[in-house]
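What follows is the residue order along each chain.
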Amino acid sequence: MIALIQQLINGIFIGALFSLIALGLTMVYGVLRVLHFAHGAIYMMGAYFGYLLINFYINNIWISLILAGLFAGFLGIALSFLVYNPIIKVKTHPLAPLIAGLGAYFVLSESARIIWGPYTRSFYIGFPTISFNFGLFSLNFGQLSILIITIIIIIILHIFLKYTKLGLSIRAISQDREISSVFGINVNNVIYMTFFIGSFFAGLAGLFIGIYYNSISPSMGLSPLSIAFAVIIIGGMGSIIGSILGGFLLGIISTLLYVYFNLPLSTYGYIFLILILFLIFRPRGIFGKEEEVRA
Amino acid sequence: MISVGYLSSLLIELGIFFILALGTNIIVGLAGQVTIAQAAFFGLGAFFSGIFSTQLHINFVISIIVIFIIIFILGGLLGMPSLRLSGDYLAIFTLGLGLFLQDLFSHLSIFGGTYGIVNIPMPTIFSLNPLYGYLIIVWIIVIILAIFFYIINKSWIGLSLKAIRENEMAAKSMGINHVKSKIFAFSLGSAYAGLAGALFGHFVGIAIYSSFGVDLSVQALAMVIVGGLGTIFGSFVGAILFIFLPESLRFISDYRILIYGLLIILFMRFEPFGLFGERSRIYEKLKEFFR
Amino acid sequence: MKELLKVINLNKSFGGLKVIDDVTFSLKKGELLSLIGPNGAGKTTIFNIITRLIKEDSGKIVFNGIEINHLKTYQVARLGIGRTFQTIKLFENLTVEENVMAINGVKNDRSIFSTFYKLIMYKKDLKDIKDKSLEIISFLGLEKYKDQISKNLPYGIQRRVEIARALALNPILLLLDEPSAGLNEAEAEDLMVLLSKIREKYKLTILLIEHNINLVMSISERIIVLDHGKLIAEGIPSEIQKNPLVIEAYLGGGDLNVNN
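Residue numbers (our numbering), protein chains in the order written: chain A, 3 to 297; chain B, -7 to 283; chain C, 7 to 266.
Hints should not be assumed to be uniformly reliable.
To be verified - Quick list of in silico lysine-lysine cross-link-like pairs, DSSO-like style, CA-CA up to 27 Å:
hint	chain 1	residue 1	chain 2	residue 2
1	B	Lys172	B	Lys146
2	A	Lys93	C	Lys157
3	C	Lys8	C	Lys207
4	C	Lys152	C	Lys133
5	C	Lys66	C	Lys207
6	B	Lys172	C	Lys61
7	C	Lys113	C	Lys78
8	B	Lys146	C	Lys113
9	B	Lys172	C	Lys113
10	C	Lys61	A	Lys91
11	C	Lys95	C	Lys209
12	C	Lys95	A	Lys91
13	C	Lys157	C	Lys95
14	C	Lys152	B	Lys146
15	C	Lys157	C	Lys34
16	B	Lys277	A	Lys91
17	C	Lys129	C	Lys152
18	C	Lys157	C	Lys35
19	C	Lys129	B	Lys146
20	B	Lys279	C	Lys136
21	C	Lys133	B	Lys146
22	B	Lys146	C	Lys136
23	C	Lys95	A	Lys93
24	C	Lys152	B	Lys279
25	C	Lys78	C	Lys95
26	C	Lys236	C	Lys66
27	C	Lys78	C	Lys66
28	C	Lys133	C	Lys113
29	C	Lys133	C	Lys12
30	C	Lys138	B	Lys279
As the list claims (entries may be wrong) - Residues of chain A placed beyond 12 Å of chain B at every Cβ, according to the derived structure:
hint	residue
31	Ile11
32	Phe76
33	Leu84
34	Phe129
35	Pro130
36	Ala174
37	Phe198
38	Ser219
39	Ser221
40	Ile254
FYI, nobody ran anything at the bench for these hints, they're computed from the structure. Fair warning: this is a prediction, and the values are worked out from it, not measured in the lab. For glycine and all other residues, C-beta sits at the position ideal for the given N, C-alpha and C.
Required output: the full structure, derived from the provided sequences and hints.
Next up, the structure:
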C-alpha cells in the first residue's frame, strides 16, 4: 500500500513535468492552430543554455533556470518569426507549418549535436540531496521543488489568462481568431508572446530535468515532445486545463502501468499506447471540442 | 577510385530508399495524407525478413511477398483512424504509432530485444557474387514497384486519391469512396515501406530497433517533399539526394540531417510540391517544353 | 407526379443555437425548387444534412422512396444527388478535365474487382471516362479550358466546372448552393440559360439556394423561404413576392421586387 502511494507521488512528479512541457504546446496550438514540433528542440536548448550557465558562468541553479527560460522564450519567438509565420502567411498547404516545424526540430537538435557532440553531459552542481519525509511517502528536493514551481506557475498562469489584457487576448484568439482581430487585438504580437511564454516553460522544464537526472543530450527533446503530444491529445488540444490535468493523469497512469503491468514496453511505450488508444476512441480528449477533429 | 563493390552497395541502398520514397509518395503525394510512421513499417519489414530467413528458413521470394501482404494489411489498420482524424491529429497518431512500435521492437524477444536480429543472409542467384546478384534482385523489384506506381498514378485510382488530396469534402460529396481510397493509400504506401525494409534487412544483415526511429520517418518525408510530390521521378530524385549524394560526398555526411531539416523548411516555404513534383514549377515548365 | 425528395421534420442545433427548426418540404420529380431566406437562415445546413456531411438531430430524409439518413456522404452522392458549394471546392491543382474525370469514374467503382479492372485495364478505363467527360465539358462550353489547372481559371469558369463535375455523377437531383455568387449581371444570365439547358438535357430535378432574387423569380417553379431555421412560406413566385412574412424577414436585406 505504501509502495502504491509512493508510486503515485512519483507519477505526480513526472506528471508535473509533463504538464509544464505540454502547456507551451497547447497554448501555441490554441492561438495558431499549428502543432509546433520544434517545441521539443526548445526544451533541449533550454537545458543546454542552462548547462553553459551553470558549468561556466553562474553557480546558481535558480537564476540559471530563469535565464534558461528567458533564452528559450526568445528562441521561441525567433522560430515563430523565421519559420512558422512566413509559411502560414503563404497558405500553401495546411500541413506545411507542421512539417516545417518538424524540419526546425531537426535543425536545432542536429546543431546541438554538431556543436556539443552526441554524448550526454552533466552538471557540476545539482540539487541538494535532502529528502522530505511525509509519513506515507517521501519526496526528494528536486521532486518537491518542481511540484511547488508547477503549482506556482499554474496559479500565475490562471491569473494571467483571466485578468490581464494579454491573457484575455490569448484566450480570445484561441476561441476565434478572425473576430479577435476585428476587435483590434494585434494577433501577430499575441502569437509571439504566446510562443515566448510557452517556450519559457519548456526551457525551464528542460533545464530542470537536465539537472535532476544530471544528464543532457541533443536528442533529449524527442521523448518529452511525444509525451507532450500525448498530454494535449488526452487533455484536449488548445485546452490549458486539459494539458495540466492531462499531464498529471498521464504521469500517474504511465508510472503505475509500468510498475504493475507486464507488457514488453517501457514507461514511454505505455504513454504512446495510451496516446494511440485515445486517438482511436476519443480523439478530442477530455476537454477538447468535437468539430475540430473531423477529417 | 571507387570500387565496383562500393558502387554496387550504394546502388542497392539507392534502390531500397527509392522504394521507400515511392511508398511515402503514395500516401503523401497522391493521397495528400501525412505519415511519420514509415520507419515503423520499414522496421517491421526488416525484422520480418530476419525472422523469416534466420528462424523459419523461408525462401527469399516467398518471404518478400508475404511481408508485402502482411504490412499491406497492417498499413490498412493505420489507415482507419485516418478516416476520422484531420491532418494534425493524424500526424500525432502516426508519430505515436511509430514510437510505440519502436519501443515494442526493443522489448520483444522475437525481434531480438535490444540486440536485434543478426546474421540475416543476403540471397544469391546463380553463382554470382552475392552483392552483384542482390543488386539485380533489388532493382528488378524496384522496376516492378515503379511500374505499379505508374499505373496507379495514371489510372482512375490515382485520380480519385488526388481528388481526396485536393478537397476531401468535395470528393466525398461527388461520390468518391474516401474510406476505400484512404485505406488503400495507407496500405500500399506502408507495404512499399515494409518491402524496402525487408530488402534493407537482407542487405545490412541486421535489424535493430534503433535504426527505425522518427528520424528515418522524417527522412522519408523529406525525400518526397524535396524530390517531388506525386511523381516517380520526384521519388527517385529524393532518394538520390538523400542517399547517393551524402554517401559520395563524405564530408557532408555528418551534416545530413541538419541539411534535411533546412531543406524541409525551405521547400515548405517556397516550393511545397518539391523539385519534380506533380505541380512544381520545374515540372510544369518541362511539360510546356514538350507540348 | 412522384415526390423525388422528402425532408420531414428536420431539426438541428449547434451548441445551444437551433439552426433548423422542424423543417418539412418536398420536391417533385423534374421541378425546380428554390430555397431562399436571409443569411444564416440555415439553407446550406439543410444541403449538408441531405448530403450527410452533417448529422441531423431528428427528422427523416427520403430520396426516391428510400430513407437515406443512415447513409454516408459518398453513398448519397452515388444514389444520384449531386451538389455544388457556396465557396468553390474544385480540385484546385487538377485540370478541368481531371476534375470531371475523377467523378466520371465513380460509376463503376463498385467492388474490389472494379479496382483491379481500373488498374489492369487502366488505359481502356481512362479512355471511356475521358470520352464521357468530354461530352459534359463540351456541353458546358469548357473545351478550351479543359487542360488548364482549375485554380488558375476565372471565377465564372470555375463555377461552371463545378457544375460539370456535379453532372459527371449522372445525378437525378442537383443541389446548387448560390451558383450565381460572385457573378456579375451578364454572367448570372448566362448561368440561368445554362441551368435550363442542363435541366432539359439531363432531366434534372433542382433544389436551388440563391440570393439573386431576379434569378430566383424568373427560373423557379416553386419557392420555399427559410428564416432563422423555420420554414415561413411556400408557394409560387408571385405568391412569395407578396407574402408579408417573407417581406418582413428580408426587411433591410434584399429587395423582392423583380423590376430592377
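Hints and how they fare:
1. B:Lys172 with B:Lys146: holds (18 Å)
2. A:Lys93 with C:Lys157: Distance ~14 Å between Lys93 of chain A and Lys157 of chain C Cα, so the pair holds.
3. C:Lys8 with C:Lys207: holds (20 Å)
4. C:Lys152 with C:Lys133: holds (15 Å)
5. C:Lys66 with C:Lys207: violated (30 Å)
6. B:Lys172 with C:Lys61: holds (21 Å)
7. C:Lys113 with C:Lys78: Given that 27 Å is the threshold and the Cα spacing comes to 16 Å, the pair holds.
8. B:Lys146 with C:Lys113: holds (18 Å)
9. B:Lys172 with C:Lys113: holds (15 Å)
10. C:Lys61 with A:Lys91: Judged against 27 Å, a Cα distance of about 34 Å means the pair is violated.
11. C:Lys95 with C:Lys209: holds (25 Å)
12. C:Lys95 with A:Lys91: holds (21 Å)
13. C:Lys157 with C:Lys95: holds (10 Å)
14. C:Lys152 with B:Lys146: holds (17 Å)
15. C:Lys157 with C:Lys34: Since the Cα atoms of Lys157 of chain C and Lys34 of chain C sit roughly 36 Å apart, the hinted pair is violated (cutoff 27 Å).
16. B:Lys277 with A:Lys91: holds (26 Å)
17. C:Lys129 with C:Lys152: Answer holds: Lys129 of chain C to Lys152 of chain C is near 19 Å, not above 27 Å.
18. C:Lys157 with C:Lys35: Not OK: Lys157 of chain C and Lys35 of chain C at ~34 Å, beyond 27 Å, violated.
19. C:Lys129 with B:Lys146: holds (9 Å)
20. B:Lys279 with C:Lys136: holds (20 Å)
21. C:Lys133 with B:Lys146: holds (12 Å)
22. B:Lys146 with C:Lys136: Holds - the C-alpha atoms of Lys136 of chain C and Lys146 of chain B are around 13 Å apart, at most 27 Å.
23. C:Lys95 with A:Lys93: Judged against 27 Å, a Cα distance of about 16 Å means the pair holds.
24. C:Lys152 with B:Lys279: holds (16 Å)
25. C:Lys78 with C:Lys95: Given that 27 Å is the threshold and the Cα spacing comes to 19 Å, the pair holds.
26. C:Lys236 with C:Lys66: holds (16 Å)
27. C:Lys78 with C:Lys66: Since the Cα atoms of Lys78 of chain C and Lys66 of chain C sit roughly 15 Å apart, the hinted pair holds (cutoff 27 Å).
28. C:Lys133 with C:Lys113: holds (15 Å)
29. C:Lys133 with C:Lys12: violated (38 Å)
30. C:Lys138 with B:Lys279: Holds, at roughly 25 Å.
31. Ile11: Given a closest Cβ separation of 25 Å, the condition holds.
32. Phe76: Holds, because the least Cβ-Cβ distance between Phe76 of chain A and chain B comes to about 19 Å, which exceeds 12 Å.
33. Leu84: violated (9 Å)
34. Phe129: Phe129 of chain A clear of chain B: closest Cβ-Cβ about 29 Å, beyond 12 Å.
35. Pro130: holds (34 Å)
36. Ala174: holds (21 Å)
37. Phe198: holds (21 Å)
38. Ser219: holds (14 Å)
39. Ser221: violated (9 Å)
40. Ile254: Holds: least Cβ distance 19 Å, greater than 12 Å.
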